[in-house]
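Engineer: Going line by line, the protein sequences match chains U and W.
Numbering (the working numbering) for the first sequence: 3 to 326.
Numbering (the working numbering) for the second sequence: 3 to 326.
Hints are not guaranteed to be accurate.
One copy or any two copies: either way a pair holds, since identical chains are not told apart in the list.
[Unchecked claim] Result set (EDC-like, lysine to aspartate or glutamate): computed pairs, CA atoms no more than 20 Å apart in a straight line:
1) Lys17 - Asp257
2) Lys113 - Glu318
3) Lys110 - Glu197
4) Lys4 - Asp48
5) Lys4 - Asp240
6) Lys4 - Glu71
7) Lys110 - Glu91
8) Lys185 - Asp257
9) Lys17 - Asp106
10) Lys213 - Glu62
11) Lys113 - Glu35
Keep in mind the hints are simulated off the structure, nothing from the lab.
Next come the chains, spelled out residue by residue.
2 protein chains.
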Amino acid sequence: MKITILGGGGFLGRKIADHLARTGALGGCAIRELTLFDIHAPAPLDAPFNVTCIGGDIAELPQAAIPPETDVIFHLAAVVSAAAEADYELGRRVNLRGNDALIDACRKLAKPPRVVFTSSVASFSGGQDAMLADDARQMPGNSYGAQKAAAELILSDASRRGFIDVVNIRLPTICIRPGAPNKAASSFVSSVVREPLLGLTTTLPVPESFKVWIASPAFATAWLLHAAAMDTSLLGTDRGLNPPGLCASVGDMLDAMERAMPGARALVQAAPDAVIANIVGTWPAAFAATRAPGLGFVRHTDLDALIAEFLANDLEPTRMMRGL
Amino acid sequence: MKITILGGGGFLGRKIADHLARTGALGGCAIRELTLFDIHAPAPLDAPFNVTCIGGDIAELPQAAIPPETDVIFHLAAVVSAAAEADYELGRRVNLRGNDALIDACRKLAKPPRVVFTSSVASFSGGQDAMLADDARQMPGNSYGAQKAAAELILSDASRRGFIDVVNIRLPTICIRPGAPNKAASSFVSSVVREPLLGLTTTLPVPESFKVWIASPAFATAWLLHAAAMDTSLLGTDRGLNPPGLCASVGDMLDAMERAMPGARALVQAAPDAVIANIVGTWPAAFAATRAPGLGFVRHTDLDALIAEFLANDLEPTRMMRGL
């Protein structure tokens, strides 16, 4: 089996690569080649199969990133929410043109590969009172979400035409992201717990009552791996899935953090930010997510498990990465 | 007021241009300049204002097509359904890249112009049993519809950002189109009545019980003109509208034709076509269309009026055009 990860240098891409290197297989098939592609060539990976690392512009995706007989492509390359809002051209180039380039590369393969596309909760509207049904319309309030929803349409059509075999996973906001704050408008969702767990102060741009639709890195990784191996004939024409994430208020998250590390909550300071609040305020706080569990996507566990996962997997690597 | 019609050489573009030339105004404002753009430069137009005709590729839209101080742009340029299905590259180039080129040209203007975008019933699924709500999800079963739905998302986002001021009108299948059969999968919807009204035989690729969501050229033109002058603050963030068309079975249409011209029905011969039936079979047969009438979009009248409109406006021009 040959696998490519677009955005293979990002933290979710790396989690998937690490999992593949550890198990050596996907869906019961042995892996013989993994290609990691990102804007800068990803760092090498120790694995029981060949690993090729390529850097480049996804809008001009080199065919080497999708070698002959590629079976599975994880497509995680993206310009994230606040960055796509700040730079319209760049968002369009990566989030739309990059998508077309992927389709064109796949059309050169003898057999349509499975493509696992990471779409986003940001492609929906609804706000704090929402509990969206699985067939809810995507009416994004930000450029990143609009580009993701448009990409889903184009990938689903390419799938219908037999160029690819896509599963569009609308990931919740990932929490707790390891590493440092980034340019996503939702960066605070992780920072507000990650920074205190590192012993650092942080700010909260929204009220504590603000609810978010989240998933831990381990759940997101598990869903993407499941999407890569699932039977797509069960999806019919609807290739989009809202995985069963967790709806939590920021206050609930801070409570769970405090239970895990008493005193941590004192490191969080309110600092309302209208720009951030306007972007994330349009995202829906919850999904019914009834379809995905029936297709084998595991339901998310509670906030205490989410905090424990970070402490076990990502606290030390984050300390090392940031020189703390 | 300065107006541009992209796809100004097509039959709906021409109907709009003719209306503007006749009235000299739009929404109570006098027109001082009209630009008609199409793949081949549209024929000149006799009008009480300046008319410029430009030919070119919309994916590389020349700024001259959107001159400084353009107030309104009708965006009707498209590669239609069966053509976009037959040529993926061409559909993507015109229906998606052309859209991006339009946004880029609009960003160079001092004031965001009104853009009236013709989206389509083909951007929805649902089939024969559907009666779609105004907030129904667009889940197209054809490349043309997928490109239209994706373009709506990108145009709505550009509108939110203040680059343009868009209204996306999802036109029903236009019936009765003047002229000759074209490459749209829905071409038969017009042919089945137009050809007999011209005294010609024709074929029917679907059963007579097959229902279609249609609008006459006069209603489609009236809706697009209304969208060009309406108060878009009433739309909020949802820039898409399903205008109040007509749900009719092919049999109903043939009955109305027979009432207008006894004996015409005998010129229609059944000739089932699975390719056509598969494309149009996914389109919804009806919409509730409750939002648009409240915003001033006129409800469609009955089939007898639709036939009468063709006989009054388009029969003779069609005869002349086709040398009949």
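Engineer: Please name the hints from earlier in the document that this structure breaks, with their numbers sorted from lowest to highest.
Structural biologist: Numbers 1, 2, 3, 5, 8, 9 and 10, in rising order.
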